[in-house]
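6 protein chains.
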Amino acid sequence: MTKLSPQTRDKLKTISTATVATALFKRGLRIQCIQDVHPLAPDQPTLVGEAFTLRYMPAREDLNQLSVFRDRAHPQRKAVEDCPPGAVFVMDSRKDARAASAGSILVTRLMQRGVAGVVTDGGFRDSAEIAKLGFPAYHHRPSAPTNLTLHQAIEINVPIGCGDAPVFPGDVILGDGDGVIVIPAHLADEIADEAFEMTVFEDFVAEEVRKGRSILGLYPATDDRTMVDFAAWRRSTGR
Amino acid sequence: MTKLSPQTRDKLKTISTATVATALFKRGLRIQCIQDVHPLAPDQPTLVGEAFTLRYMPAREDLNQLSVFRDRAHPQRKAVEDCPPGAVFVMDSRKDARAASAGSILVTRLMQRGVAGVVTDGGFRDSAEIAKLGFPAYHHRPSAPTNLTLHQAIEINVPIGCGDAPVFPGDVILGDGDGVIVIPAHLADEIADEAFEMTVFEDFVAEEVRKGRSILGLYPATDDRTMVDFAAWRRSTGR
Amino acid sequence: MTKLSPQTRDKLKTISTATVATALFKRGLRIQCIQDVHPLAPDQPTLVGEAFTLRYMPAREDLNQLSVFRDRAHPQRKAVEDCPPGAVFVMDSRKDARAASAGSILVTRLMQRGVAGVVTDGGFRDSAEIAKLGFPAYHHRPSAPTNLTLHQAIEINVPIGCGDAPVFPGDVILGDGDGVIVIPAHLADEIADEAFEMTVFEDFVAEEVRKGRSILGLYPATDDRTMVDFAAWRRSTGR
Amino acid sequence: MTKLSPQTRDKLKTISTATVATALFKRGLRIQCIQDVHPLAPDQPTLVGEAFTLRYMPAREDLNQLSVFRDRAHPQRKAVEDCPPGAVFVMDSRKDARAASAGSILVTRLMQRGVAGVVTDGGFRDSAEIAKLGFPAYHHRPSAPTNLTLHQAIEINVPIGCGDAPVFPGDVILGDGDGVIVIPAHLADEIADEAFEMTVFEDFVAEEVRKGRSILGLYPATDDRTMVDFAAWRRSTGR
Amino acid sequence: MTKLSPQTRDKLKTISTATVATALFKRGLRIQCIQDVHPLAPDQPTLVGEAFTLRYMPAREDLNQLSVFRDRAHPQRKAVEDCPPGAVFVMDSRKDARAASAGSILVTRLMQRGVAGVVTDGGFRDSAEIAKLGFPAYHHRPSAPTNLTLHQAIEINVPIGCGDAPVFPGDVILGDGDGVIVIPAHLADEIADEAFEMTVFEDFVAEEVRKGRSILGLYPATDDRTMVDFAAWRRSTGR
Amino acid sequence: MTKLSPQTRDKLKTISTATVATALFKRGLRIQCIQDVHPLAPDQPTLVGEAFTLRYMPAREDLNQLSVFRDRAHPQRKAVEDCPPGAVFVMDSRKDARAASAGSILVTRLMQRGVAGVVTDGGFRDSAEIAKLGFPAYHHRPSAPTNLTLHQAIEINVPIGCGDAPVFPGDVILGDGDGVIVIPAHLADEIADEAFEMTVFEDFVAEEVRKGRSILGLYPATDDRTMVDFAAWRRSTGR
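Residue numbers (the working numbering), protein chains in the order written: chain A, 22 to 260; chain B, 22 to 260; chain C, 22 to 260; chain D, 22 to 260; chain E, 22 to 260; chain F, 22 to 260.
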């Protein structure tokens, strides 16, 4: 399924969600950040990939006994086996972390299958184990109860909400220390290009600021000298 | 589509959501109440009908310009025209009342089409007008902004969450002054029968309590005399 | 049990919670208002009486089957029968209105027993019926599920929290359109006296303001003329 | 101070907040609704006027004894006396209704002074009395404690937030049953004109829908016949 | 007081809260997780012990001056000295972390007395110091203000709510990276046995998944081969 | 501008927010803690300095395009350049972390300018980079979107609310692992002195408790022996 080009994927790995947020903001897209999700490990790799989604609804008790997992077609288990390598598994848990969205076994399986990472606006169980996997994983907070307690997996790869952001299958997901942002699929290449260039400039600015330069005239570059200096910096650093 | 029998519908119209909640509780169903939704008018009729659902996701700005309503297949407008007479139009607005789920024109159209009522876990705009329709309508609170501001209608008649309750198409919806409850379709007849009988007993109890009788032994009927008195009351009242 | 004197009770019936809140504020008591509770009927009588409390804890499922009510010593039912006439039945529902604190039968029983009123920081079921009783009742919002769903009655007449306010058995409860306030028992007489006098002055101020007088110098009475006018007004109105 | 023309004021009195919200949405203004505020009385008049603001900050205890009101320059009292006739008194209470923003005496004074109405994203004390004034007043919920408990009035007529909406002094405020919306001052005339025309069309649509006409092709008017019918309706109704 | 057997205690130390949550879920116990509490240190030992409880109510200002701690019978201080070695000190702070439940001196005292750990659904002050103790401690978030600011210790070792879970004195508490779960006392041995066996199977599954095996047929073990492989694995690993 | 004496600054660097909270509590100041803000790095230095404030209001979309930063007088950028060395930059973000209050470039600039630290009750973007600066920084949680998305900087160095605490320019800010507390300017010296002495006693108590001594009679020192021992400890430790 993956239409995300290797070039764009590689570029995005070097770009922050903050920079992408600004690039989307310029285009009138203001709510693409998945709100209030956090990496399980502070040093986990950057998350990049196309969204493959799972939608949960509230779990009706009679339909959510443990035996339901014996059905190989159960949407949660099927989705874990169907999520394409390179994709990001994104779950709509209705921002409810009172029960888990998944645990370490399913997350390990996703990792083994070559999936790029996992996001829920609820919580993971076995969170300490997941944190050790070196696999990009984001949630609101840890949560021990089985998903059946409150969540019924109901649809695979449909448009969902996650942390108040719209997520369409195939949208490009980027995650770093600030959380996770959703780039509409048709904008992925252009956002990656633009944000890549913005990042070069921001790196220059950061270096200047660390040297003690004022932000006035520098950021944004309203001073003519700023762009002159930036050009020189690009030449000297080869960026 | 309506499989809800006229008898069950009529019975439910005389039963409270509280009594149904207890009957569902006996069966291990504890989260069937749509939480924190309120009738728009204090004197609106009891709401009974089968659920016909609309799912909203967060609105991506570029996909939710006013022009989208020019498309006759737009899910919100299509759903309003497709909802069967006698059904209840239930919207999953992700408990977000910061923008409207619908307004008085669509609600009036539903009413004209013979729909039984309307429920959202978000809010209605034109709420004062809706309140005057004499049509059963429930929401969390009034909300003036157009739904496009935050809600994108995405799927018609799929299983949804509404106010943290699971709602499957065809489930039987009951609403009164306490709010709205969802009866799983396969239980509708049996719950209606049982709750109808419970209501007769509760009416008897209420009358006794108003006369000054203690609840001990009466409610529940652990005193033998209670059932004797109840039998006599049924005979005398013809219930 | 009632130590609240008839005189203080009568005075309090003419005083607003707002005025009492100010009198308590002067004494360093800032959190005596039960937050976010509302009268079930807009025109219900003023609530005055000493607190008789019931504490709920979260309901463990195995201990909260419907059969528990067959036990006459069940704390919820026992409390309803034990609450003294003239007292106010105050429930600590941990601000959780997802299940009911009580319903119309128990509230009617309290009313029949001469109890002065009822308060919960959760919700009542059968709320429309309770609203018709003409009985002072306050909750956060209506809630259909039986209390067993989430609340287990565990202790009678112990100190509790209700809507983030401390409530000790015997504290004097006052409720009006703004909600409910808790007057520490030992302060009841002095607060009633002081608030009664404050109310006379506020009535004078309100009358003056309605006539078009500025609040500056009038409220508070920093202008000498204010107290002169007030004295004249008291004479002329006999207050 | 009032620059709001009588024509625009009169037009706005016939227009709903929902219609204005849509007109603002067309211009990219999506967060102008003051969220989660409610009219104190269901039948209070429509609120229209220019914003005159008061900003509260959290009350430091040593600076907020009752004696502060003896200072005629106290910002809350001064603001009440300074708010121009025809303006709307809008308070930034940081969405905190645990203490009052004002009470019936101050609101009555505002009314006497010819102020058009009052809005807070906190709560009013003496709310039942305010509700009887026939004066447009909006808050989140009733709240008995004096404002000094949690709110310190700190600035008059500066830009504020109210219910998550931006409010600049002079912005035009419109309130109805759905709540309150803020129209940027420079857009007031054009929004009033546009919304007035939209209202005429919506009234036509509502009438057609009440007659049983489908919304498809009618709302929005993608059917040619709709505009023909609308033109005829305008002629026949004189609108 | 400790009736928790050393065998069960030891077993529980090797079991996750997630596995216990599933074992309780099988028995219809769905709300035993203390919601939204977190370990103070990521590497603190597993928490196991019987619950010894302290209940806080909202602090009335006149009853909560610093001098109250001069009373050796003050419930907070008494509870810290009375909590049995091996027990877990669990505080009902009404999910309010705006003031502390306790600080490092009391927590150190508990540790010195041989108490197994400490849990509050509020917050600890001196949290950085507590985090260095190597003592199992859980709270919602750090909080500097003294408990007297908002919390009055009122009862020792009564049934409480903690993070929306029911906690009875003597219930067995288990805490790990996902948070804290409450095992009803009478189920402790059987849950420990069952969860211990479940853990063996989950460890086998985790190993297989890490090798690349699909979860279908493996987890749950609907494939006959799974149980054959598991039996072999147990033999080879001696578990 | 700094009136904070070097002596008081140095003393405060050795004192915890918890101890200061107690010293303020003694003086009736109960809400000086900025609620629910957290250090970006666990090992960042203690934060001490006088408050220099920035107030945000909700961002109206037409006034918050990226181009606004080209104005050198834009309040956010101007404030960053104006904040005095040694001061703490405190932002009122209305407790809304859905968009950033600032990012690593501005925070680095503050650090370079000798500012003592930075606090917002919203969130920072580039939070992982800020965490590496070794600069005291506090927020509610990371947030990638540019501040323009929701926050408009509107006033510099006015009294604000931050995390429900009142902050006046010049108030002394102290931050440690428990969060941030605000000391009214006129109390800074006396609080520092008192808290410094309290800290000596608490260190003695902590040492005794670590040795196994009971808190009864020790903390508070109701036992005569405690003060004798404390005096000896001070002599022997030279404190």
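Hints are supplied without guarantee of correctness; some may be wrong.
Identical copies go unnamed one by one, so any copy, or any two together, can satisfy a pair.
Claimed, not checked - With a Cα cut of at most 20 angstroms, we get these calculated SDA-like pairs of lysine to any residue:
(1) Lys32 <-> Gly107
(2) Lys153 <-> Pro63
(3) Lys116 <-> Leu208
(4) Lys153 <-> Ala62
(5) Lys32 <-> Pro96
(6) Lys34 <-> Glu218
(7) Lys32 <-> Arg260
No lab work stands behind these hints, which were simulated from the structure alone.
Taking the hints in turn, this is what the structure says about them:
no.	hint	result
1	Lys32 <-> Gly107	within (15 angstroms within a copy, 39 angstroms between copies)
2	Lys153 <-> Pro63	both (10 angstroms within a copy, 12 angstroms between copies)
3	Lys116 <-> Leu208	neither (26 angstroms within a copy, 30 angstroms between copies)
4	Lys153 <-> Ala62	both (7 angstroms within a copy, 16 angstroms between copies)
5	Lys32 <-> Pro96	neither (33 angstroms within a copy, 34 angstroms between copies)
6	Lys34 <-> Glu218	within (14 angstroms within a copy, 42 angstroms between copies)
7	Lys32 <-> Arg260	within (13 angstroms within a copy, 47 angstroms between copies)
Hint compliance for this structure: hints 3 and 5 are not met, and every other hint is.
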